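Novice: Whenever a hint applies, use it, and build me the whole structure from the sequences.
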Amino acid sequence: MHRQEGDGQIRLDDRDPTLVKKALEFLYTGNYTYEPQEYPEMEPLSEGEIEHFAEVEGQTSMATPRTGKAYFHAQMYAQGDYFQIDALKCKAKEYFKESVRYPTRDSFTSAVIEVYNSTAENDRGLRDLVVQLTTSNLARLRRAEDPILDSKLLDRVPSFMRDICLSAVERCAQLQRDYGDWRC
8 MHRQEGDGQI
18 RLDDRDPTLV
28 KKALEFLYTG
38 NYTYEPQEYP
48 EMEPLSEGEI
58 EHFAEVEGQT
68 SMATPRTGKA
78 YFHAQMYAQG
88 DYFQIDALKC
98 KAKEYFKESV
108 RYPTRDSFTS
118 AVIEVYNSTA
128 ENDRGLRDLV
138 VQLTTSNLAR
148 LRRAEDPILD
158 SKLLDRVPSF
168 MRDICLSAVE
178 RCAQLQRDYG
188 DWRC
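Every letter in the sequence shown is one number past the one before it in the numbering used here, and letter 33, counting from 1, is 40.
Just so you know, the hints here were simulated from the structure itself, not pulled from any lab data. A quick note: this is a predicted structure, and the numbers were derived from the prediction, not measured. There may be inaccurate statements among the hints.
Stated by the list, open to error - PhoX-like cross-link-like pairs, simulated, lysine-lysine; straight-line CA separation at most 20 Å:
1) K28 with K76
2) K104 with K76
3) K100 with K28
4) K98 with K28
5) K98 with K76
6) K100 with K76
Claimed, not checked - Distance windows between CB atoms, simulated:
7) N129 with G15: 33 to 39 Å
8) S125 with C179: 26 to 32 Å
9) A175 with E152: 22 to 28 Å
Quick reminder that beta carbons are idealized off the backbone N, C-alpha and C, glycines included.
Specialist: Laid out in C-alpha cells, this is it:
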C-alpha cells in the first residue's frame, strides 16, 4: 500500500481490486455479494504461485483451479484479516460454511489451499471450520473411486493433514473417555 504523491489516491498494489471492492461493499452495507460474472473462475495456479505455496508448505504441488464460492469467501476472510475488519471475517466465515456444504473436488481443493495459504497458523477461524467439516463428513468426502478428499490434497497441504489427524485423534480420545473400553 502506498500513497501516490499529488493525486491523493492510495494504491493497494498487492490487493485484488474485486476483493477490495467487495470489502468496501461490506463496510458500506454490512454485507457483500458473490457475483460469478464479476469474479470469474480463475486460471490454474502459475508456476511461481506453485513454487511459493511449496515453499510455504514444504511440498511441491500441482496446478489447481481456483474455483467456487468457498474459495471466494476464504479470500474475503483474508481481506478482513488484512484490513482488520473482524465483522467481515465473521461474515466470510458464515458464507464459507454454507458454501462448502456440497463441494466438488476442485472447489474443495481450492478452498482448502486458499484457507491454509491465506491465513496465519494461529488464526483458526476457517482452519478449524474446514477441519471440522472434513472430519464430520469423511465418509462422503472419501467415497467412490474418485474421492473429493484425496491423498494429493493431503500431500499438498501437510498442515491440513496434520490438523485432520489431530482432530480425529482427539475425537477418538473423547470417545474412549466417554465410553471407557470403547476402541477406535
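Novice: Is it true that the C-beta distance of A175 to E152 lies inside 22 to 28 Å, as the hint says?
Specialist: 23 Å, holds
Novice: Starting from the hint 26 to 32 Å, judge whether the C-beta atoms of S125 and C179 obey it.
Specialist: With a Cβ separation near 30 Å, S125 and C179 satisfy 26 to 32 Å, so the hint holds.
Novice: For N129 and G15, compare the CB-CB distance with the range 33 to 39 Å and indicate the outcome.
Specialist: 36 Å, holds
Novice: Would the hint linking K100 and K76 be met if the CA-CA limit is 20 Å?
Specialist: 12 Å, holds
Novice: Are the Cα positions of K104 and K76 separated by 20 Å at most?
Specialist: 10 Å, holds
Novice: CA of K100 to CA of K28, is that 20 Å or under?
Specialist: Holds, at about 18 Å.
Novice: For the pair supplied as a hint, K98 and K28, confirm whether the alpha-carbon distance does not exceed 20 Å.
Specialist: 16 Å, holds
Novice: Need the status of pair K28, K76: alpha-carbon distance at most 20 Å?
Specialist: Distance ~17 Å between K28 and K76 Cα, so the pair holds.
Novice: Would the pair K98 and K76 pass a check requiring their Cα atoms to be no farther apart than 20 Å?
Specialist: At roughly 13 Å apart (the allowed maximum being 20 Å), K76 and K98 satisfy the hint.
In this structure, every one of the numbered hints holds.
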